[in-house]
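**Student:** Here's the letter readout for the chains.
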Amino acid sequence: MKGVALIHDVLDAQLLDRTQQKMGRVDGLVLELRDGEPPRVAELLVGGSIAAERVGGWMTAIVRGCCRVLRIEPAVSRIPFDAVEAIGACVEVKVDARSTSAMRTERWLDEHFACRIPGGSGEERK
Amino acid sequence: MSRKIAEVALGVVTGIGGFLEVGSLATAVQGGAEFGFQLGWAVLLGSASLMVLMEASGRLAAVSDRTLIDQLRERFGIRFFLLPLVVGFVVSLLVLASEIGGVSLALQMATGVRFQLWALPIAFLAWLLLWRGTFSLVENGTAILGLVSVVFLVGAAALHPRWTSVGAGLIPSRATHEVARYWYLAISILGASISPYLYAFYSSGAIEDGWTTEDLGVNRITAVLGNLFGGGLALMTLVVAAMVFLPRHIHVDAYEQTALVLTPALSHPGFVFFLATLAITCFGTTLEIALAIAYMLAQGLGWPWSENMRPAADSRFSFTYTVVLLVAAIPIALGVNVLGLTNISMVLTAASLPVTVVPMVVLMNDRDVMGKSVNGFVGNVALVALAVMSCVILLAAIPLQLLGGS
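As given, the protein sequences belong to chains S and E, one line each in that order.
Just so we're aligned: 44 in our numbering is position 44 of the first sequence, and the numbers increase by one with no gaps anywhere.
Just so we're aligned: 1237 in our numbering is position 237 of the second sequence, and the numbers increase by one with no gaps anywhere.
With the rest of the complex left out, here is chain E (with noise of 0.2 Å):
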């Protein structure tokens, strides 16, 4: 029992440390500048659907004891599954470089040091923690430190918003002003919210800590209330944006003006947690999104994979995260604008959910792979949902790239 309520309690804790990260961090700080309160639906619009996502990848891998990987391989065959590898790898390839750009240029922020020199030595730490870390450090530790992530909601209690206005938001309304901006910075923040690393990394974690259906009760848990917990922090977060850049006419082009968001609520502290939670969140991101490719190729092809093992043990693994994590620091060293890079990322995020949605509402309804824990009534209603708006957000992401996109 108290193993249970110990995993309860680390799945919430995940949720938070592991929700916030500079996606959601800058998409949601745009949208408070932009639009105030008014983007708050697609914060919890992105959380319910990471909410659904989740839920379904953990019970499909403690079920059948494989992964969402797994799965797609094995039941839609090489010529299907190759779509959604590459466009996962490619998509989290892109998010990765982002992150290593947010720990880079929070350090710049705290040191002076320009953040295309702290690329590779970030690479270089992360990647020491995969070779010599097990998968339990690299989960808790993520989620533990995240927790500095909190600060928001401190922030946001400290700037006394009008809480029935930040309720009004959460209701999807048209856009007074800026109509094609709007969407794209909603578009933005669902694939902020939802990437298709998280699920795979997700479903993997389940085999690596030895989940059965007796684990399900927390599995459900974990998903509805971390993605409660994260979705609310990334919502505070829009909150303080709204209460501070909004007002102030300043439009976010730049990570070093998202620095001053909790300095109105909380001064100096207010900078350098803001920085403390850039840089541990976009870094404990950087280890799950370099691990969560690993898993991808790994089990897609068939290699030995376990964070758990050796690196000789399993070195077709082990060399995918080696080389991912170089690949991407090297924009970062280049000093690409990380800012354009994240909007970017999100968008073909968004972007990328159907080749990974559509086909999980198939998997989670074949009683071959999910015995008695196939999905119910209200589980289908909301995959099919998902699938849908995942479809009509590929047909938008690529216009509104071009249209809202600044």
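Isolated chain S, as found in the complex (with noise of 0.2 Å):
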């Protein structure tokens, strides 16, 4: 059996989707708790939110803060494991990224600032 460092090789690394898209770090592990299984990790969750209560109560508080400032809910993406195709450098997974909310700022930011300005949108590379 081949084993899988869950902190070392999964937790914090960059996330790709079935494009190759970059779409945000694992920022937390779900494990599913079974009645007379071994428990599994059923998810990978990205979001600011997770992140920060990872780093403690003081960030959370400061990313509450910011959403409600920005009067938003925060985000939080729940990849289900089994949707993961490879672990290497990187962690990939069947999923399509802009589907997700873990690229809900990035749409938005698209829509409203750089398809707005001359030049922003376009062909993918420049």
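Treat the hints as calculated values from the structure; they're not laboratory data.
A hint or two may mislead.
Claimed, not checked - What the simulated footprint calls covered on chain E by chain S, stretch by stretch (three residues with Cβ under 8 Å from a Cβ of chain S suffice, anywhere in the stretch; the number is not a length):
# : stretch
1 : 1075-1084
2 : 1127-1135
3 : 1299-1308
Unchecked claim - If you only want the chain S side, here are some residues facing chain E, beta carbon under 7 Å, derived:
# : residue
4 : 22
5 : 24
6 : 51
7 : 109
8 : 119
We put the beta carbon where it would ideally sit given N, CA and C, even for glycine.
Join the two chains, each given in its own frame, into one complex according to the hints.
**Tutor:** As structure tokens, this is what we get:
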């Protein structure tokens, strides 16, 4: 059996979606506890508020405060562990990044900022 | 082969053109004006240190295909990573403001229009180049135009310094007067040479340019030759200031005075070249730091990033450099004292070094990360010495700022 060191190799790793698009980092892991069976990794979590919890209560307070000022709910994206395709230098998952809340801010800035300025959109490479 | 030679040539040019900027100019001129050739060792130590750090961060990126920032987050976790991220962000923002100030002052001296009015147009122009340009435009454009700073070598040669005395300054010696000021300037010179934004930028550049283990030779030569030439030019700046200002007992309290440093050697063209050097090198560094800050955030938090992509393809990345350019221009537009800001930025940069240098010792020795390219004995001695030095600087920086900052 080839083991994966969850903290060493998965937590904080760069997440890539099915098109190799960068979609955040693994900010948290969820273990599912099952009766009579060993626990298993159920989900990868992506979201600033999850990362903030790992830093400490003060950081959580800062993130909550920012969300309140911006009048948004903290976005947490839950990716089922079954969707993981490869764990290497990055963690590759079979999802479409643009459809997850991990890219909420990216999408918003895309629409309201980058696409409104000449030269911002067009072909992907300059 | 020709591609390799071209890359090395470019790397050397980057070293020359990228080394001198507002911080190294200001601190080298102050050092020379107040202590003659005696602080030459600090310039030498600064470029030697940067050589070690650039080589290491370039090798890290080429071997592991991850930047230094990626590795800091992945190996040490979010709790630790927040420290280098926040410290790097704040310090780089201060240096960015100083660079915008440097360009603004050069334009003020050239046109007579007050520097406050230049800050926002400069930030806008920098933003426009980042928005429309590619990584190689920023890297190569900055490097090639920055060659104008070779004028300091010409200036130093024209003044016929006693080269044996210049050489003697390369050996550290104790201050004969104003001890606190001496060490304060030594630390400022070190901070001006070794900036975290530089190796964040350099290791991101290695990824942008698609480096692999085949580029390790190029990386090594670039780091060594580039810093040798770049550090050499900073030393010449110190020499010129020592020959021009020290005998006349001129203490440099404002940039307007530094502008005259080349005039005795090269008369009016010296003044013009000084302004061109200040404006061009500070502007190039403005582009690099704005990008470096965006790289730090994007890589640390896992966002899409590349200066070669359209802004909409990495909108958080492009939004970051847009905002930091604007924020950094504000204090200059409000008229802060640029020389004072530069000095504080350089000391804080020096004080910030341990948070990146110490983890680098761990990363460069991790076989999981570096494979066969882990640090050798010499590399480790250099890196550990640097880590220890950075911790000493951290402890000394604040007391020296209070005692020796003018």
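**Student:** Measuring from the C-beta of residue 22/S to each C-beta in chain E, is the shortest one below 7 Å?
**Tutor:** Cβ of residue 22/S sits 5 Å from chain E, so the hint holds.
**Student:** With a cut-off of 7 Å on the beta carbons, see whether residue 109/S makes it to chain E.
**Tutor:** This interface hint holds because 4 Å falls under the 7 Å limit.
**Student:** Identify whether the interface hint at residue 24/S stands, where standing means a beta carbon of chain E within less than 7 Å of its own.
**Tutor:** This hint holds: residue 24/S lies near chain E, its Cβ roughly 4 Å from the closest one there, short of 7 Å.
**Student:** Against chain E, run the beta carbon of residue 119/S and see if the smallest gap drops under 7 Å.
**Tutor:** holds (5 Å)
**Student:** Closer than 8 Å, Cβ to Cβ, for at least three residues: run that test on the stretch 1075-1084 of chain E against chain S and report holds or violated.
**Tutor:** holds (count 5)
**Student:** With a C-beta cutoff of 8 Å, work out whether three or more residues of the stretch 1127-1135 of chain E approach chain S closely enough for the coverage to hold.
**Tutor:** holds (count 4)
**Student:** At a threshold of 7 Å, is the proposed contact between residue 51/S and chain E supported by beta-carbon distances?
**Tutor:** holds (5 Å)
**Student:** How about the stretch 1299-1308 of chain E: do at least three of its residues have a C-beta closer than 8 Å to a C-beta of chain S?
**Tutor:** holds (count 6)
In summary, the structure agrees with every hint in the numbered list given earlier.
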